Amino acid sequence: MGPDIVEIFNIAPEITWSLWAVQYSFLMTVSCGCVFLSWPGIVLKRAAWILPSKTALILAMTCGICAPIALLADLHHPSRFLNFYLHFQSGSWMAWGACFIVFYIGALLVYAWFAFMPVLARVGQEGGRYAPFARLLCRGESEEKTRALRAAATACLFAAILIMIYTGAEFLFIRARPLWNTIAIPALMALSGVAGAAGFSLALLRFASNSKGNGIVLSGVIAWTQAAILAVVSIWLAAGLSGLSTPAALAVKTAFPATSFRLMAGGFVALTLLIWLCAARRGGNGILLGTLTLCSAWLFRWLVYIGGQQMPKTGAGYYDYSLPLGYEGLLGMAGTLGLWAFVFFAITCLVPLSHLGENAEIGNIGGSS
Amino acid sequence: MKKTDPGAMLTCSSRRTFIRELSVLTFALATAPLPALGAPSTISSAKNTWAMLVDIRRCIGCQACTISCFQENAMPEGCFRTLVAAYSIRLSEQPGMQPAGTYLLPRLCNHCDKPACVSVCPTGATFKREDGIVVVNNRRCVGCAYCIQACPYDARFINPATNTTDKCTFCVHRIQAGLLPACVETCVGGARIFGDANDQNSQLRQKLRQYQGQIRVLQPQMNTTPNVYYIGLDERFQGKVEGMPALWSPQRSEGASHTGMKGA
Ligand code: SF4
Ligand code: SF4
Numbered sequence: 000m001g002p003d004i005v006e007i008f009n010i011a012p013e014i015t016w017s018l019w020a021v022q023y024s025f026l027m028t029v030s031c032g033c034v035f036l037s038w039p040g041i042v043l044k045r046a047a048w049i050l051p052s053k054t055a056l057i058l059a060m061t062c063g064i065c066a067p068i069a070l071l072a073d074l075h076h077p078s079r080f081l082n083f084y085l086h087f088q089s090g091s092w093m094a095w096g097a098c099f100i101v102f103y104i105g106a107l108l109v110y111a112w113f114a115f116m117p118v119l120a121r122v123g124q125e126g127g128r129y130a131p132f133a134r135l136l137c138r139g140e141s142e143e144k145t146r147a148l149r150a151a152a153t154a155c156l157f158a159a160i161l162i163m164i165y166t167g168a169e170f171l172f173i174r175a176r177p178l179w180n181t182i183a184i185p186a187l188m189a190l191s192g193v194a195g196a197a198g199f200s201l202a203l204l205r206f207a208s209n210s211k212g213n214g215i216v217l218s219g220v221i222a223w224t225q226a227a228i229l230a231v232v233s234i235w236l237a238a239g240l241s242g243l244s245t246p247a248a249l250a251v252k253t254a255f256p257a258t259s260f261r262l263m264a265g266g267f268v269a270l271t272l273l274i275w276l277c278a279a280r281r282g283g284n285g286i287l288l289g290t291l292t293l294c295s296a297w298l299f300r301w302l303v304y305i306g307g308q309q310m311p312k313t314g315a316g317y318y319d320y321s322l323p324l325g326y327e328g329l330l331g332m333a334g335t336l337g338l339w340a341f342v343f344f345a346i347t348c349l350v351p352l353s354h355l356g357e358n359a360e361i362g363n364i365g366g367s368s
Numbered sequence: 000m001k002k003t004d005p006g007a008m009l010t011c012s013s014r015r016t017f018i019r020e021l022s023v024l025t026f027a028l029a030t031a032p033l034p035a036l037g038a039p040s041t042i043s044s045a046k047n048t049w050a051m052l053v054d055i056r057r058c059i060g061c062q063a064c065t066i067s068c069f070q071e072n073a074m075p076e077g078c079f080r081t082l083v084a085a086y087s088i089r090l091s092e093q094p095g096m097q098p099a100g101t102y103l104l105p106r107l108c109n110h111c112d113k114p115a116c117v118s119v120c121p122t123g124a125t126f127k128r129e130d131g132i133v134v135v136n137n138r139r140c141v142g143c144a145y146c147i148q149a150c151p152y153d154a155r156f157i158n159p160a161t162n163t164t165d166k167c168t169f170c171v172h173r174i175q176a177g178l179l180p181a182c183v184e185t186c187v188g189g190a191r192i193f194g195d196a197n198d199q200n201s202q203l204r205q206k207l208r209q210y211q212g213q214i215r216v217l218q219p220q221m222n223t224t225p226n227v228y229y230i231g232l233d234e235r236f237q238g239k240v241e242g243m244p245a246l247w248s249p250q251r252s253e254g255a256s257h258t259g260m261k262g263a
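From first to last, the protein sequence lines are chains U and H.
Its first residue numbered 0, the first sequence is counted upward by one per residue in numbering that gives the first Met the number 0.
Its first residue numbered 0, the second sequence is counted upward by one per residue in numbering that gives the first Met the number 0.
Hints listed in this document are in silico derivations from the structure and should not be mistaken for laboratory results.
Bear in mind that the values here come from a model prediction, so they are computed numbers and not experimental data.
One or more of the hints may lead you astray.
Claimed, not checked - In silico DSBU-like links for lysine-lysine, alpha-carbon gap of 35 Å or less:
no.	chain 1	residue 1	chain 2	residue 2
1	U	K252	H	K127
2	H	K127	H	K206
3	H	K113	U	K252
Said to hold, decoys possible - Covered stretches of chain U, as calculated for chain H (at least 3 residues, CB under 8 Å):
no.	segment
4	70-84
5	168-178
Said to hold, decoys possible - Taking CB as the label site, the calculated pair distances span:
no.	chain 1	residue 1	chain 2	residue 2	range
6	U	G90	H	M96	48 to 56 Å
7	H	V187	U	A269	51 to 59 Å
8	U	A47	H	Q220	51 to 59 Å
9	U	S241	H	E241	18 to 26 Å
10	H	D233	U	T258	22 to 30 Å
We put the CB at the ideal spot given by N, CA and C, even for glycine.
With the sequences and hints as input, model every part of the structure.
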């Protein structure tokens, strides 16, 4: 027997938070996750964390600088971005987010400036094409800056927490989209952001050091975050299937009939499980493990942003969406990657990965040169 | 607004021309909004709360409202502020009985009293006027599409010509000129009734009183308090419709896609 209702004519709304929004969320939460990971080594001075933390801070900067550009690209009228500040609306999470981003980027750059001052001083002393810039940037170095580093790191950590909260809240309060209107989304966003940060740092660490031992702490973070993601997904699914939580039940009911969503969600869970097993067993450096973790963080965002918008609010069925080839899709991804690579290249010219090792004592600003 | 002079039509010299002109006139009457009796005579103010009642039983699915709105508001191809969704429904399995029927549901912005779109807007570009109409200031809108996500009725979209959010305005420009919204003006079945919910003598109020108990709104569980009411709204169509997805959608038709038309 066929369906009782067949929709003959209706509109299928466009996906309005496109790939650029996915890229923004990915870069921003990974950047915030990197700030969390930078604390143990740079601020708390835990020996095992020194190199992973410095690597994470480099990534926090590169991702943090690219993220707002991806966000601008997601606006349909990017040239009007100043309206976020000129007509601030205190009732909108997005308006607060626009302010948090500025605060975060500012605090991050100051934090990184203080943290990498010894490296800048060393690059300045060594000479070379970028030495004058490095000398210019590390000017004014003194003992007192240690306190300033802690202050900037604290401000940056606070801003990163605010960004994580707003990123999740932006979804949580959208009642019209059942998949977003659940507390699991902010939790998973934050966890996968930290996991992505650990994965990215782990992959990059290979280029900063040949010592396998340096990545153990990051593998540990990956293992814990993947376990936590699996736990949250299981609880959410159980609450949804049993009907214990109304929003979760509604989300499951709306999302799961769609084969493409089930496949993607299943793929994400399988990948998380695989990463967890690898991270828990292996330890040490791993470009593959790091890259897989990074891909998993990206896939989660695609699932939430695009998958959420593919579920009709009023219409029947599930809207189709495939990655376009143009700048809204594949070309956009390549563009973001290119932008990130450029920023990474620019930053590592002044703060080379090879200088992040033991010789440059982060935080010991007065004794660097 | 298109104006047609019927007097001039009747003086046409040749019969062929007259018949040709008559068909044009018939089409124009069906689609182009003309001033009608009962149009609100006052300029909108806080005293008014504009609302609409859709009597689904009277809708014949001609889409005259869809087309007149499209023309009146100069919509880009593939964009609709209102349209009549059409469904085929199973009626009976019994031999000899009518097996299936058509269900029509005119959709538009509900000009909610607690609009989900307004509270999320980061720039205040979307706001609710004192007369209840929810509008978008498209000189301020940044096109972030947050309101599009928040609206439970899929009433909003990005207009590719302005790169800002667009939606039904109850034809606010026409109301201010003392006219009815274009869709109401052209509704062939008389299914759309527009008026001031504060005016106890308005046709809208009278109908709302007359059909009390049969009046429904879309997605009541969203607590948005819509100002578009329906008579004959089957509860299977009040929220997300469970059924086979659309067989035809205007955006998917050739050349009508506006995906990717973004820019500063
Ligand atoms: S129907 Fe949607 S766009 Fe219209 S007022 Fe309500 S929430 Fe806003
Ligand atoms: S798209 Fe425009 S109207 Fe909608 S929330 Fe963003 S700024 Fe406001």
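Quick rundown of the hints versus the structure:
no., hint, in the structure
1, K252/U / K127/H, "33 Å, holds"
2, K127/H / K206/H, "25 Å, holds"
3, K113/H / K252/U, "26 Å, holds"
4, 70-84, "holds (count 10)"
5, 168-178, "holds (count 6)"
6, G90/U / M96/H: 48 to 56 Å, "53 Å, holds"
7, V187/H / A269/U: 51 to 59 Å, "55 Å, holds"
8, A47/U / Q220/H: 51 to 59 Å, "52 Å, holds"
9, S241/U / E241/H: 18 to 26 Å, "21 Å, holds"
10, D233/H / T258/U: 22 to 30 Å, "28 Å, holds"
Violated hints: none; the structure is consistent with every hint.
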